[in-house]
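Those protein sequences? They're chains S and H, same order as listed. For the first sequence, counting from 1, position 111 maps to 111 in the working numbering; every step adds exactly one. In the working numbering, each residue carries its 1-based index in the second sequence increased by 1000.
Worth flagging that the hints you see were computed from the coordinates, not collected in a lab. Every residue, glycine too, gets a C-beta built ideally from N, C-alpha and C.
Sample of chain S residues at the chain H side, in silico, Cβ under 7 angstroms:
1. Asn236
2. Phe321
3. Gln322
4. Met330
Dumping the calculated EDC-like pairs for lysine to aspartate or glutamate here, alpha-carbon to alpha-carbon at most 16 angstroms:
5. H/Lys1272 to H/Asp1238
6. H/Lys1093 to H/Glu1061
7. S/Lys211 to S/Glu286
8. H/Lys1062 to H/Glu1089
9. H/Lys1068 to S/Asp38
10. H/Lys1065 to H/Glu1327
11. H/Lys1199 to H/Glu1255
12. H/Lys1148 to S/Glu47
13. H/Lys1143 to S/Glu47
14. H/Lys1199 to H/Asp1228
15. H/Lys1241 to S/Asp234
One-letter residues, chain by chain:
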Amino acid sequence: MSLTPTKKTTVLPEGLARTLRPWLLLALVCGGFSLHPDFARTFWTREYLPNLLQQAATNVILATGLTFVILTGGIDLSVGSVMALCGVALGLTVTEGPPPFLALLMAVPFGAIAATLVGRVASCRWKVEGYGPQGEGGLAGERAGRRGWVRPEVVTGAASSLAAVVATALGGFLILQLTRGGIRLEGAILAALAVGLGCGLINGAVVSFGKVPSFVVTLGMLTAARGLTVYATDGNSVSGLPARLGSLGQGAPLVLIALVVVVLAAVLQARTRPGRMVQAIGANEEAARLSGVNILGYKTLAYLLSGLGAGIAAVVLTAKFQVADTGAGMGAELNAIAAVVLGGTSLSGGRGSIVGSLVGALTIAVLNAGLVLVGVQDTLQGVVVGIVIVLAVMVDRLRKS
Amino acid sequence: MQRKTTLWGVSLALLLTAGCGKEEPATSPEAAPSAAGSNAPAAGAPAEAEKLTQAELDGVEKASKPYKIALIVKTRNNPFFTPMIAAAEAEAKALGVELEVQAPAQESDKERQFALVQDVTARGAEAILIAPADSKGIVPALKQAQEKGIRVINLDNRVDPETGRSAGLELAAYIGADNQEGGKLAGTALAEALGGSGKVAVLEGIRGVDNAEARKRGFAEGAQGKLDTVASEAAEWDTQKAYAKFQSMLAAHPEIRGLFCANDKMALGALKAISEAGKKGQVTVVGYDNIPDVQPYLKSGEMHATIEQHPDLMGKYGVRAAVGVLEGKVPAGREFLVPLEVIRGGK
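Kindly produce the complete structure, drawing on both the sequences and the hints.
Here is the structure:
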């Protein structure tokens, strides 16, 4: 396993090959299908190609957020369910105002901000010297252990938790008051994104601070978010959404949103410190910890971004169908994971890229569309997609070993 | 070689985006008045749509050429669609047309169904038969198909008339069942079985959804003056939910003598709750859909009756309507409601 994930991988031949592989697979899939006259005639047209991008958009957005989590070596199984919950949050907020528990969930990001601020202040107060990451029991923790029974990480932890609870409760109450009876569409979109952030934060906090494996945490969130979605609406879908929401879910705006998400995420991942730290954690968590990387913070950030992705995907999906459906996004997490894996991101973390996930999602979209276009029976399409995904990763592995 | 691939990929991406910029929003309000002026009421209010007669559809002869027709259903995992697909395939063969069936793996996957409509459109189908998973959301995709000259025939679940009209969608035909009529048949059958009076309960589908509401309305109509509905709850078409809901309903109202379930899947759950409560034979159950899973219960008499809405006829007449419209032998924009049937169990 490489200990130098922060190096610019694109200058190395191995890195170049890695970057190109998803493109190569996409080219192979497109090229292979193009041998079939029906595909060649219908696919490469100005009418059809925009359809393909629109078909892929939701998965592209989900996969983009998910890539951050997978780069840390974790997994987020909850994106599909969280997407449904965010969609319902959007629908309810714009029509009648969210139920109390959704308002609380929207306030979780405020709780996190409060906790971080209080944590900073408290750790400054208690940390004598050394740069041990806060709450981690690093150098500062050891020092304090010798000083008495009050350990600084306990104090900072308690103070931040208290701040989080108070801020979330207050924020939730405020949101509930402000959104009563429904609010403007812009506000409702923010509310949906806040629910995504909230779910992501809960995932991230339990994974990093609670030390629970991400598979378990996000599996729990998958079930819980779906349950909350049904609970919030009694299982009914939410309709009666403003017509102007519809424009976000189709044509150029839809594709533009997906592209902007990908570009921003790609810059964040490849060109900023948080992005490199997320990757470093996945490459070798122990090494990253020893070199003073704030593991807990950056891990939480990854799940936060995944939740945000689910929130954005929820907005475009709800816009596309003009209805927030409690059954939306069932199994969407698996499509997103497939896109990330086809995009060359390693499930054990540390290696991969956002652009790769985009290409992976496009590959899946081309596969799905191509099988229909060449007239493969619908019952067999899933089988072919499954085989291609496994084969692609297997070839990748065999080449390496 | 690999560099070429990247260039190719980048130019593909650019090409794709460029193509997108030119796309018009699918819902253009100006399309509405022109549609209203044309002679095809199509996606208009169902009550106004003129009826096709069975004789008209039966009169459709073997197609003059092998038209390409696509049938897109909600999913193959729902036994409701199995006879629809089989009958449509048989009818296509009989009329000498090519039928292609497409379905998302999951009923809730509306995005996939939307994509499937776009894909069969690109493949050059001449008619699309669609049982929409989302009656509003599917409209832009159907409009795209219509713009390419494809005739759109709506089966089973209605395309939302309001959304269709404002998008300028003109359905070539609607083939479905009258859910209110079916509910009424169920109400009458239950009243008959209970000897004209009694306390009953209802397990509804999803509240606010067209067919669920129509069945409930119809049942109330059929039961009016005879049955006393003491409890009515939504179990959302789901066996598990129906089981749990009917358990508590039985506990709260031990006097319940009859039950109408708006689909057979819910009836399965309710039957389990009844037998666990030791009330086998004391509650008369009427379901809806006549799915294979309830056949043993009908045979044993544990379930009294169910409503057959003949999805097979929807498939059959869907194909006949498509061929008729394509050949110009059947006027476009009409609807045909398949006959319903009460299937009674034999004790």
